[in-house]
Amino acid sequence: MKKNASLTRLFWTSFSISALTFGGGYVIVSLLRKQFVDKHGWMTDDEMLDILAISQSCPGVIAVNATFMAGYRLRGAAGAAAAVIGCIIPPFGIIFGLSFFYTAVKDSPAVRGVFRGLLAGVAAVIADVVVTMTTPVIKAKKVLPIVIMFAAFVANFVFNWNPAFIILFTAALGIALQLARFFRRKMAQGTGDR
Amino acid sequence: MKYLELFWAFFKVGLMSFGGGYAAMPLVQTQIVEELGWINMTDFTDMLAISQMTPGPISINLSTFVGARMGNLLGATAAMLGCIVPSCVIMLILTRLYRKFRTLETVQCVLAVLKPATLSMIAASGGSLFLLSVFGGEPRDLWLAGFDWRAGFDWFAAVIFAVGLVLLRIKRVKVPPVLIMLGAGVLGLVFSVLPAVNG
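In order, the protein sequence lines correspond to chains A and B. The opening position of the first sequence corresponds to residue 1 in this note's numbering, with each subsequent residue numbered one higher. The opening position of the second sequence corresponds to residue 1001 in this note's numbering, with each subsequent residue numbered one higher.
Note that these hints are calculated values from the structure, not bench results. For glycine and all other residues, C-beta sits at the position ideal for the given N, C-alpha and C. Worth double-checking, as some hints may not be accurate.
[What the hints assert, rightly or not] Residues from chain A that face chain B, not an exhaustive set, calculated with beta carbons under 8 angstroms:
#1 I85
#2 F96
#3 L118
#4 M133
#5 G174
[Stated by the list, open to error] For lysine-lysine, the following DSSO-like pairs were computed, each having C-alpha atoms within a straight-line distance of at most 30 angstroms:
#6 A/K141 <-> B/K1174
#7 B/K1002 <-> A/K106
#8 B/K1012 <-> A/K106
#9 B/K1002 <-> B/K1012
#10 A/K141 <-> A/K186
#11 A/K139 <-> B/K1174
#12 B/K1002 <-> A/K139
#13 A/K39 <-> B/K1171
#14 B/K1171 <-> A/K141
#15 A/K142 <-> B/K1002
#16 B/K1002 <-> A/K34
#17 A/K106 <-> A/K142
#18 A/K34 <-> B/K1174
#19 A/K39 <-> B/K1174
Assemble the whole structure, with the sequences as input and the hints as a guide.
Take a look at the structure:
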């Protein structure tokens, strides 16, 4: 199963995925699956799906989460390091190089023109992402997620609350709800209702 | 000291962003632009645009960019490491709990309420980019009584936004986002060299 998964190959596989993928983490993890499962046969699709589910539900950089777990499964800590380093070198190098170029030209009228267009384009891309991700939440017609969604939006956009605070508050709310559910179940069992 | 501050600022971003690069964007905006004032909103949106158009994870691109601006190679390294260290530590812990984690009821329950909140942050961040692009204002300007909507209106940006969104939403065409941004950038360049239409 894990044949051929040398540290060097792990590194170059994750390096090439990261270097050639436009569009961020979600695109990178789908390519990760293609390479690790279909091309190299390093793990089963089930294992990879578990890794993808975990890496997307944890905080942090999704692509780093996924390459770390996949590398770790194959070659332990060294594998995780090889895969993660492969994943971060291309974007780090490209952006570091570009940052000098950007500082030199950012105030020229032509470059301002490019960014005037780019900003509108980025706003459209984010609007598309938001519509795509919001639709299933609305369609599920569950009250709580919809209320949280609107409340969090108003808190941040209108009242300028710190996003980190809103995330922490919501996480605490989730834990409280889960505890309430747990105790209600306990009580129901205790009094013999069920 | 500066490098430690960079590391810590992006460590918090990495720790709080549930949902990848788009979720990191509002956190970076609040931390780096609004609270610390390390870079201004224009530079931030420029960096965001570049981060989305270059390969690799968006939050790695963004942290490297801010770090490089603040403190060259060391700054870029500190910021980028701050961004990925939470990922690595959490993953290291979870590889031990692997299968248990996925079905853990509490985790699923917390995620079920976190997802819509994260989504709202992304929407709010996108909203402020839209306002800046099309109206030349920020969200807080909206609530100022004297805000003049027409003064900062950029019809060029409005058209790019509308056409871009429509192209992205048409399922049959499937225009990749990178192409939309490239097209928008090229049009922006063309319009900037045409003096007659350059508002």
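Exercise for review: With chain B as the partner, please determine if A/M133 meets the hint condition of a C-beta pair closer than 8 angstroms.
Suggested key: holds (5 angstroms)
Review point. When the nearest CB of chain B is found for A/L118, is that gap smaller than 8 angstroms?
Key: holds (4 angstroms)
Review point. Within 30 angstroms, alpha carbon to alpha carbon, are B/K1002 and B/K1012?
Key: holds (16 angstroms)
Point to revise | 30 angstroms Cα cutoff - pair B/K1002, A/K106 | key: holds (24 angstroms)
Check your understanding: Are the Cα positions of A/K39 and B/K1171 separated by 30 angstroms at most?
Key -> holds (29 angstroms)
**Study point:** Straight-line alpha-carbon gap A/K39 to B/K1174, limit 30 angstroms
**Key:** holds (26 angstroms)
Point to revise | Straight-line alpha-carbon gap A/K139 to B/K1174, limit 30 angstroms | key: holds (23 angstroms)
Check your understanding: Straight-line Cα separation of A/K106 and A/K142 no greater than 30 angstroms?
Key -> violated (46 angstroms)
Check your understanding: Are the Cα atoms of A/K34 and B/K1174 separated by 30 angstroms or less?
Key -> This hinted pair holds, its Cα atoms lying about 21 angstroms apart.
Check your understanding: Given the hinted pair A/K142 and B/K1002, is their alpha-carbon gap at most 30 angstroms?
Key -> violated (46 angstroms)
Exercise for review: Using 8 angstroms as the Cβ threshold, decide whether A/F96 counts as touching chain B.
Suggested key: For A/F96, the interface hint holds, since the closest Cβ of chain B sits about 5 angstroms away, which is under 8 angstroms.
Check your understanding: Can the restraint linking A/K141 and B/K1174 be considered satisfied, given a maximum Cα separation of 30 angstroms?
Key -> holds (28 angstroms)
Of the numbered hints given earlier, the model fails hints 1, 12, 15, 16, 17; all others are met.
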